[in-house]
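Novice: From first to last, the protein sequence lines are chains A and B. Taking the numbering used here, the leading residue of the first sequence gets 1, the next gets one more, and so forth. Taking the numbering used here, the leading residue of the second sequence gets 1, the next gets one more, and so forth.
Some hints here could point you the wrong way.
[Claimed, not checked] When the alpha-carbon atoms are kept at most 25 Å apart in a straight line, the in silico BS3-like pairs for lysine-lysine are as follows:
1. K57/A to K31/A
2. K106/B to K31/A
3. K54/B to K96/B
4. K57/A to K97/A
5. K17/A to K57/A
6. K97/A to K106/B
7. K18/A to K57/A
8. K18/A to K54/B
9. K57/A to K96/B
Treat the hints as calculated values from the structure; they're not laboratory data.
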Amino acid sequence: EADIYQTPRYLVIGTGKKITLECSQTMGHDKMYWYQQDPGMELHLIHYSYGVNSTEKGDLSSESTVSRIRTEHFPLTLESARPSHTSQYLCASSESKGPAQPQHFGDGTRLSIL
Amino acid sequence: GIQVEQSPPDLILQEGANSTLRCNFSDSVNNLQWFHQNPWGQLINLFYIPSGTKQNGRLSATTVATERYSLLYISSSQTTDSGVYFCALTTSGTYKYIFGTGTRLKVLA
Chain A
1 EADIYQTPRY LVIGTGKKIT LECSQTMGHD KMYWYQQDPG MELHLIHYSY GVNSTEKGDL
61 SSESTVSRIR TEHFPLTLES ARPSHTSQYL CASSESKGPA QPQHFGDGTR LSIL
Chain B
1 GIQVEQSPPD LILQEGANST LRCNFSDSVN NLQWFHQNPW GQLINLFYIP SGTKQNGRLS
61 ATTVATERYS LLYISSSQTT DSGVYFCALT TSGTYKYIFG TGTRLKVLA
């Protein structure tokens, strides 16, 4: 199974705090993705990256930002958390080479903003 | 953009029953996956299946790309099969996966 790690697994924090959600993968995948998901609902792509120093916004508008300084690391930052940011955030990566490019997911971060 | 529809949206089964979940899409696809999201929110990769048929234990999947649908079969369902099942796919020229709205399955003991 793929090795992709997210920390923290759960986070409860007050309004106005700066938050960084960590995502790392050890497979050397070029492509990485962040999704936002409300409980039991579909996943929405909020950010993606095709390689180092490459980041793009996804289909769902988000106040978060991302960076990709190293291939294996794709952190997501909220400068000032609000209750509307309460959600689950899922990180994924996929292979770049060849026709088969399945996505592999981390376990997710459940974020609650009080 | 491509439309991805899953049916049924909700399904309740008695333990031991069989079921078929469907994913319809509106354009040709390059990549297609089926995932199971467990009650703890973890997404488990079930199948990578842009075409053809695959089987893994009690689960199997078939994608008929020319007719733009994929099916996930669950046989002899167990309570641990409960959760949400998603199909996700990419179309030609993009690596961005689009997710369906999911099928919420509850298996009763």
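Novice: Run every hint past the structure and note whether it holds.
Specialist: Do the hints match the structure? See the list:
Distance check on the hinted pair: K57/A and K31/A sit about 14 Å apart at the alpha-carbon level, within 25 Å; holds. Taken as a hint, the K106/B and K31/A pair is broken in the structure, with Cα atoms around 34 Å apart against an allowance of 25 Å. For the hint linking K54/B to K96/B, the alpha-carbon distance of about 23 Å falls within 25 Å, and the restraint holds. Taken as a hint, the K57/A and K97/A pair is honoured in the structure, with Cα atoms around 23 Å apart against an allowance of 25 Å.
For a cut-off of 25 Å, the pair hint linking K17/A to K57/A stands: about 22 Å separates their Cα positions. Our distance criterion of 25 Å between C-alpha atoms is broken by K97/A and K106/B, whose separation comes to about 38 Å. As the CA atoms of K18/A and K57/A are separated by approximately 20 Å, the hinted pair is consistent with the 25 Å bound. Distance restraint check for K18/A and K54/B: the Cα-Cα separation of roughly 45 Å exceeds the 25 Å cut-off, and the hinted pair is therefore not satisfied.
About 11 Å separates the Cα atoms of K57/A and K96/B, which keeps this hinted pair within 25 Å; it holds.
Comparing the model with each numbered hint stated earlier shows that hints 2, 6 and 8 do not hold.
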